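Same order as they appear, the protein sequences are chains A and B. Under the working numbering, the residue at position 174 of the first sequence is numbered 174, and the numbers go up by one with no gaps. Under the working numbering, the residue at position 184 of the second sequence is numbered 184, and the numbers go up by one with no gaps.
Don't read these hints as lab results, they were simulated from the structure. Check each hint, because a few of them may be wrong.
Any copy, or any two copies together, can satisfy a pair, since identical chains are not distinguished.
As the list claims (entries may be wrong) - With a Cα cut of at most 25 angstroms, we get these calculated DSS-like pairs of lysine-lysine:
{"#": "1", "residue 1": "Lys9", "residue 2": "Lys149"}
{"#": "2", "residue 1": "Lys100", "residue 2": "Lys38"}
{"#": "3", "residue 1": "Lys427", "residue 2": "Lys393"}
{"#": "4", "residue 1": "Lys428", "residue 2": "Lys283"}
{"#": "5", "residue 1": "Lys302", "residue 2": "Lys115"}
Quick caveat: nothing in here was measured; it's all calculated off a predicted structure.
There are 2 protein chains.
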Amino acid sequence: MKLFINPSKAEWLSLLQRPTKSVEAIEETVNQIFKEVKDNGDTAIKKYTTKFDGVALENNIVSKSEIEEASKLVNDDLKAAIQLAKSNIEKFHSAQKTDKVFVETMAGVECWQEKRPIQKVGLYIPGGTAPLFSTVLMLVVPAQIAGCKEIVLCSPPNKEGKIANEILYAANLCGVTKIIKVGGIQAIAGMTFGTETIPQVYKIFGPGNQFVTVAKQLATKYGVAIDMPAGPSELLVMADESANAAYVASDLLSQAEHGSDSQVILVTTSQPFADSVSSELEKQLAVLPRKAMAEKAIANSKSIIVDSNETALELINEYGPEHFIVATTDNEFFVDNISNAGSVFIGNYTPESAGDYASGTNHTLPTNGFSKAYSGVNLDSFQKSMTFQKLSKEGIQNIGNAIELMAEAEGLQAHKNAVTLRLNDLKK
Amino acid sequence: MKLFINPSKAEWLSLLQRPTKSVEAIEETVNQIFKEVKDNGDTAIKKYTTKFDGVALENNIVSKSEIEEASKLVNDDLKAAIQLAKSNIEKFHSAQKTDKVFVETMAGVECWQEKRPIQKVGLYIPGGTAPLFSTVLMLVVPAQIAGCKEIVLCSPPNKEGKIANEILYAANLCGVTKIIKVGGIQAIAGMTFGTETIPQVYKIFGPGNQFVTVAKQLATKYGVAIDMPAGPSELLVMADESANAAYVASDLLSQAEHGSDSQVILVTTSQPFADSVSSELEKQLAVLPRKAMAEKAIANSKSIIVDSNETALELINEYGPEHFIVATTDNEFFVDNISNAGSVFIGNYTPESAGDYASGTNHTLPTNGFSKAYSGVNLDSFQKSMTFQKLSKEGIQNIGNAIELMAEAEGLQAHKNAVTLRLNDLKK
Numbered sequence: 001m002k003l004f005i006n007p008s009k010a011e012w013l014s015l016l017q018r019p020t021k022s023v024e025a026i027e028e029t030v031n032q033i034f035k036e037v038k039d040n041g042d043t044a045i046k047k048y049t050t051k052f053d054g055v056a057l058e059n060n061i062v063s064k065s066e067i068e069e070a071s072k073l074v075n076d077d078l079k080a081a082i083q084l085a086k087s088n089i090e091k092f093h094s095a096q097k098t099d100k101v102f103v104e105t106m107a108g109v110e111c112w113q114e115k116r117p118i119q120k121v122g123l124y125i126p127g128g129t130a131p132l133f134s135t136v137l138m139l140v141v142p143a144q145i146a147g148c149k150e151i152v153l154c155s156p157p158n159k160e161g162k163i164a165n166e167i168l169y170a171a172n173l174c175g176v177t178k179i180i181k182v183g184g185i186q187a188i189a190g191m192t193f194g195t196e197t198i199p200q201v202y203k204i205f206g207p208g209n210q211f212v213t214v215a216k217q218l219a220t221k222y223g224v225a226i227d228m229p230a231g232p233s234e235l236l237v238m239a240d241e242s243a244n245a246a247y248v249a250s251d252l253l254s255q256a257e258h259g260s261d262s263q264v265i266l267v268t269t270s271q272p273f274a275d276s277v278s279s280e281l282e283k284q285l286a287v288l289p290r291k292a293m294a295e296k297a298i299a300n301s302k303s304i305i306v307d308s309n310e311t312a313l314e315l316i317n318e319y320g321p322e323h324f325i326v327a328t329t330d331n332e333f334f335v336d337n338i339s340n341a342g343s344v345f346i347g348n349y350t351p352e353s354a355g356d357y358a359s360g361t362n363h364t365l366p367t368n369g370f371s372k373a374y375s376g377v378n379l380d381s382f383q384k385s386m387t388f389q390k391l392s393k394e395g396i397q398n399i400g401n402a403i404e405l406m407a408e409a410e411g412l413q414a415h416k417n418a419v420t421l422r423l424n425d426l427k428k
Numbered sequence: 001m002k003l004f005i006n007p008s009k010a011e012w013l014s015l016l017q018r019p020t021k022s023v024e025a026i027e028e029t030v031n032q033i034f035k036e037v038k039d040n041g042d043t044a045i046k047k048y049t050t051k052f053d054g055v056a057l058e059n060n061i062v063s064k065s066e067i068e069e070a071s072k073l074v075n076d077d078l079k080a081a082i083q084l085a086k087s088n089i090e091k092f093h094s095a096q097k098t099d100k101v102f103v104e105t106m107a108g109v110e111c112w113q114e115k116r117p118i119q120k121v122g123l124y125i126p127g128g129t130a131p132l133f134s135t136v137l138m139l140v141v142p143a144q145i146a147g148c149k150e151i152v153l154c155s156p157p158n159k160e161g162k163i164a165n166e167i168l169y170a171a172n173l174c175g176v177t178k179i180i181k182v183g184g185i186q187a188i189a190g191m192t193f194g195t196e197t198i199p200q201v202y203k204i205f206g207p208g209n210q211f212v213t214v215a216k217q218l219a220t221k222y223g224v225a226i227d228m229p230a231g232p233s234e235l236l237v238m239a240d241e242s243a244n245a246a247y248v249a250s251d252l253l254s255q256a257e258h259g260s261d262s263q264v265i266l267v268t269t270s271q272p273f274a275d276s277v278s279s280e281l282e283k284q285l286a287v288l289p290r291k292a293m294a295e296k297a298i299a300n301s302k303s304i305i306v307d308s309n310e311t312a313l314e315l316i317n318e319y320g321p322e323h324f325i326v327a328t329t330d331n332e333f334f335v336d337n338i339s340n341a342g343s344v345f346i347g348n349y350t351p352e353s354a355g356d357y358a359s360g361t362n363h364t365l366p367t368n369g370f371s372k373a374y375s376g377v378n379l380d381s382f383q384k385s386m387t388f389q390k391l392s393k394e395g396i397q398n399i400g401n402a403i404e405l406m407a408e409a410e411g412l413q414a415h416k417n418a419v420t421l422r423l424n425d426l427k428k
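If we strip away everything but chain A, and leave its shape as in the complex, we get (with noise of 0.2 angstroms):
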């Protein structure tokens, strides 16, 4: 890890850079693909599929067949940590429904604000050699939840043309009303137009490449939303002496396994604690499987040593992390002022695998600073606020004359009309 010792703010800047990659070169191909898809649907599907992935597909939905037998490949003790995991999240995001709000805001004048479902949702999830049935979790739970009525999964084929045995489980058993097997940049294409095959959505949601992340961000200018921007996986840690650092070293590695382009930090007001911490990094490192990974991403790494707690705070305000590890002796402080983190995990016993896999919280959080603006993924995200307004003639009265004023005086005499006639007629 590169040490930075009080570092003052005119660094901080630079200090809590995020690396920025150039998209332009990808833009012309995705806007490439977009086009054929919109223009020649599923033979523009098949084209990229075969070229991107190396295989032939006579047929891309997943049938009921096949989910069963994925279902049995997929051993018990896996089937019943998926299990656990969603009956957790979902306790969790069942929790977040609100009730309708309803106010009088004057005598007549009812208002009133309802969620309701998104009703055509996409979700896309990676393939490659680990494959990320938790994001199938994370995303398919709030959305039925929610009550969406189309639930379309894609997911890259392997060479052999299947889409691994505990993603087809994890998206049957969570309700999944459609799974396909497309990839990258087609699959957002084919979710954006709709295909003969592919279903046209609302929203997409879900992780992936850059590739699939500058897809997302041209999918919204047809007007399809995305859960939020991507960028690589964050963690940051506060910790003081009061923490373990052998626990710290193994939550910055779990974070650093990612990929050599993850952001780990660790700030702590105390030297001592971030060389153990260092020292605990290496000896776990050396065990590692995806050693070479992680140890460049934790070359990349920095510990900052900071004079207090309130610094610290404002640092880590500034940066905005996606995971936040607090394990300090006064975690309240961090927890009550914090306000730019995605998730915030507390104390000695909540490493982010606990976010990332089971507590119920969700996983697909806001990186690169997105946590000034963005939420992470929640049952909110599957919904959307719609305003209702009922006016009696009282209520009509009661206002009316406040709207001709406004209406007049921002020149638009036919909005004061649609208010006067009724008014008038009142009057008779």
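The hints should help you fit chain B onto chain A, whose structure is shown.
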């Protein structure tokens, strides 16, 4: 209005199509101005204020004395109207506050969700002949209730270097922290990067012309969130013979006066009623000050006759109107079953103007079919949801094994280790 009688579903898509505008020509200009503002700060801001607003400003920050002077020039009746509207908007948005959601998902696994304010928000209010002070209320009131610390308002100066009195009065009344005379692309760029005088913000809200719209889209590429993508304003009225044709016509006209690209649609089960609305429209149009503009919009508007309320509902959900007025014998059917609409206005005495100004609901709403996935602006738009979790020793023992199994199955050994280390210690 163009009349369509029982159009087939195959025709719906083209019938409900919004006009699409190519923005490529604009994008280049927007990119250029963003680059200049990023590189040269206030120098670039001044340059473009001179160029686009035709005024060279010594100082672009609105002073306290300017606000006081402007407030004196707003007449007392209008002040009272603004205060009434503000009070209703406050009541409705305050009621949207949510409590912390706390769940112990398993023994020792405490999870909670809290909403915290976005610290720095930027509001854009267009200039022009009609000062949109109502939008000031709609954005500043919820920002205040949410607890946003910095509330920056940008609005272009007129040729005399001034912002409309009503805007300054409303902004000050509601608690804007800084008012800056800057408009268009350069205002959005300024809030995106920050300049010597313009604070950098985390999220930008507010309406604007297509230049502002494209600039807001570009801001998202630099990590700044926006309220929602924007398109021309829309109204769909569902009415039957129980409705008042004159009222319906006045509502359609209040939408039409927004501009020639306004979307105005009447859906009805009764052709005689559609005819009555048509003749009412002609009568009312004749005396409108903005007649020319409204006439164009009305010429492009559609009157769609359908065979039943069920068909009407399906068509309306397919369109997803920004504003939806329903005045029928069975309003409940529509209220209960509408999936996609920004704001719903119920019955004969609830004109769209009510929500535009004073009922208490927000008038910043999703256009262009975005109501299928986006909420209108509400209290949550100024907050983000953060999650917290705290595991006790018992907690990690309850879910630790599930995490280990899942992490291993995803090939993430370090995620597993972070749990194993802790579990092993607890076994000692």
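Q. Can you name, in rising order, the numbers of the hints this structure does not satisfy?
A. 2, 5
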